[in-house]
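J.: Sequence:
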Amino acid sequence: MSNIVVKAANTKRIMDDFVKFPNELYKGSHEYVPDLDIDVRNTYNPKKNPGLKFSDAQPFVAYRDGKVVGRVAGVINHHANETWKAKNVRFSQIDFIDDEEVSKALINAVISWGKECGMDTIQGPLGITDYDKEGMLLESFDSMAAMTEYYNYPYYPKHMEALGFEKAVDWLQIRVKVPEEVPVKYARVSRLSKEMFGLHVRTITRKEVLNGYGVKIFKLLNAAYAPLFGFTPMSEGQAVEYIKHYLPLLNLDMVPVVEDDKGELIAITVTMTSLSHALRRTHGHLLPFGWFYLIRSLKWHPEHTAGLLLIAVRPDYQGLGVNALLFDYLIPVYNKMGIRYAETGPQLENNVKEISQWKPLNPQFVKRRRCWTKKI
121 MSNIVVKAAN TKRIMDDFVK FPNELYKGSH EYVPDLDIDV RNTYNPKKNP GLKFSDAQPF
181 VAYRDGKVVG RVAGVINHHA NETWKAKNVR FSQIDFIDDE EVSKALINAV ISWGKECGMD
241 TIQGPLGITD YDKEGMLLES FDSMAAMTEY YNYPYYPKHM EALGFEKAVD WLQIRVKVPE
301 EVPVKYARVS RLSKEMFGLH VRTITRKEVL NGYGVKIFKL LNAAYAPLFG FTPMSEGQAV
361 EYIKHYLPLL NLDMVPVVED DKGELIAITV TMTSLSHALR RTHGHLLPFG WFYLIRSLKW
421 HPEHTAGLLL IAVRPDYQGL GVNALLFDYL IPVYNKMGIR YAETGPQLEN NVKEISQWKP
481 LNPQFVKRRR CWTKKI
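Residues 121 to 496 (my numbering) make up the sequence shown, in order.
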């Protein structure tokens with residue numbers, strides 16, 4: 121008989137165990153990048169996370185003989201289920217020691233909770249919203265994670281297969297070396313887009329973002345990403361929370377927008393310098409010195425890699441070369457800042473348009489991630 125006990129994280133002590141377990145599990149790993157403790161706690165706080173207005177979430181912690189051996193969260197995004205006509209319970213933030221009894225107990229806890237709520241399928245790793253971390257790493261386990269993505273040990277996918285999960289979708293991540301000059305194709309297409317459609321690139325100010333432009337950006341993201349796997353639109357309240365959370369971290373010189381001659385937003389890319397090394401030094405804590413490492417990396421000693429967090433183009437302009445305007449702008453900015461490499465976030469492997477845009481930069485496919493699924 122298994123001696124694994126899984127408890128819902130409904131007390132401060134169990135929630136503390138949920139938050140702290142990954143730092144213990146990945147202790148000594150040079151690839152793991154911790155979340156800030158406060159961010160994990162706020163994820164499950166309805167006062168801090170507007171996504172919980174239309175989602176249910178339940179964190180769990182697994183114990184053996186009183187010692188923490190795993191964690192997972194169950195999530196039911198009711199908007200997503202309504203949009204896609206599904207009854208899915210998601211698993212999120214899953215971590216466990218290399219023991220199949222542990223991984224099975226964690227998944228079974230989410231399944232039982234999901235069944236009680238009327239769900240018939242389990243999928244993950246997925247977050248509460250589409251802008252949370254998603255996808256289990258399948259390869260490149262020796263590469264350092266970014267602040268916006270999961271890291272996991274090589275044994276994780278083996279456990280999922282043993283538990284009867286199958287592939288739902290895979291995401292790819294691409295790494296490019298920043299060229300010293302803008303590739304000829306980007307420069308040519310950028311020039312034509314400006315001439316044919318009256319488009320221009322500019323940067324926005326923090327005041328603009330806070331006074332309504334930020335919400336306008338999220339409306340564009342909702343339209344651009346609507347067809348993608350599992351996507352659901354973000355509410356204005358969610359948009360405001362994301363803006364408050366990420367705006368202090370952004371150098372807006374690295375967040376160009378494309379507008380038409382009427383000032384309408386056509387496209388945006390959000391990029392930022394990597395904070396991976398700084399976050400590793402915080403060990404998940406802003407106090408007493410974690411804040412210093414983050415500010416030092418953001419303001420004085422930025423890392424040499426940029427994270428391409430997202431690119432979005434208004435649907436009626438997709439396929440017309442608008443992305444080239446963004447690259448034509450960003451490459452000189454990256455060179456001026458000393459950024460030598462850029463790495464994308466997860467991109468669906470069947471999103472040919474998005475993946476093919478990197479071809480002039482001789483892309484390397486450096487990571488593959490998977491969303492797993494099975495009927496319950």
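These aren't lab readings, by the way, just hints derived from the structure by calculation. Any given hint could be a false lead.
[Claimed, not checked] Label pairs and their computed distance ranges (CB to CB):
(1) K235 <-> G458: 49 to 55 Å
(2) E286 <-> D381: 24 to 30 Å
(3) H424 <-> A307: 44 to 50 Å
[As the list claims (entries may be wrong)] No more than 20 Å apart at the CA atoms, straight line, and that leaves these computed lysine-lysine pairs for PhoX-like:
(4) K253 <-> K297
(5) K167 <-> K297
(6) K167 <-> K364
Glycine included, each C-beta is placed from N, C-alpha and C at the ideal position.
J.: E286 and D381, beta-carbon distance inside 24 to 30 Å?
T.: Given a distance of about 49 Å, which is not inside 24 to 30 Å, the answer is violated.
J.: Is 49 to 55 Å respected by the C-beta to C-beta distance linking K235 and G458?
T.: 53 Å, holds
J.: Is K167 within 20 Å of K297, Cα to Cα?
T.: Distance ~41 Å between K167 and K297 Cα, so the pair is violated.
J.: Is K253 close enough to K297, meaning Cα to Cα at most 20 Å?
T.: 24 Å, violated
J.: At the C-beta level, are H424 and A307 separated by a distance inside 44 to 50 Å?
T.: Once the Cβ atoms are compared, 24 Å apart, the range 44 to 50 Å for A307 and H424 is violated.
J.: Take a quick look at whether K167 and K364 sit within 20 Å of each other, Cα to Cα.
T.: Within the cut-off at roughly 14 Å; holds.
In this structure, the hints that do not hold are numbers 2, 3, 4 and 5, in rising order.
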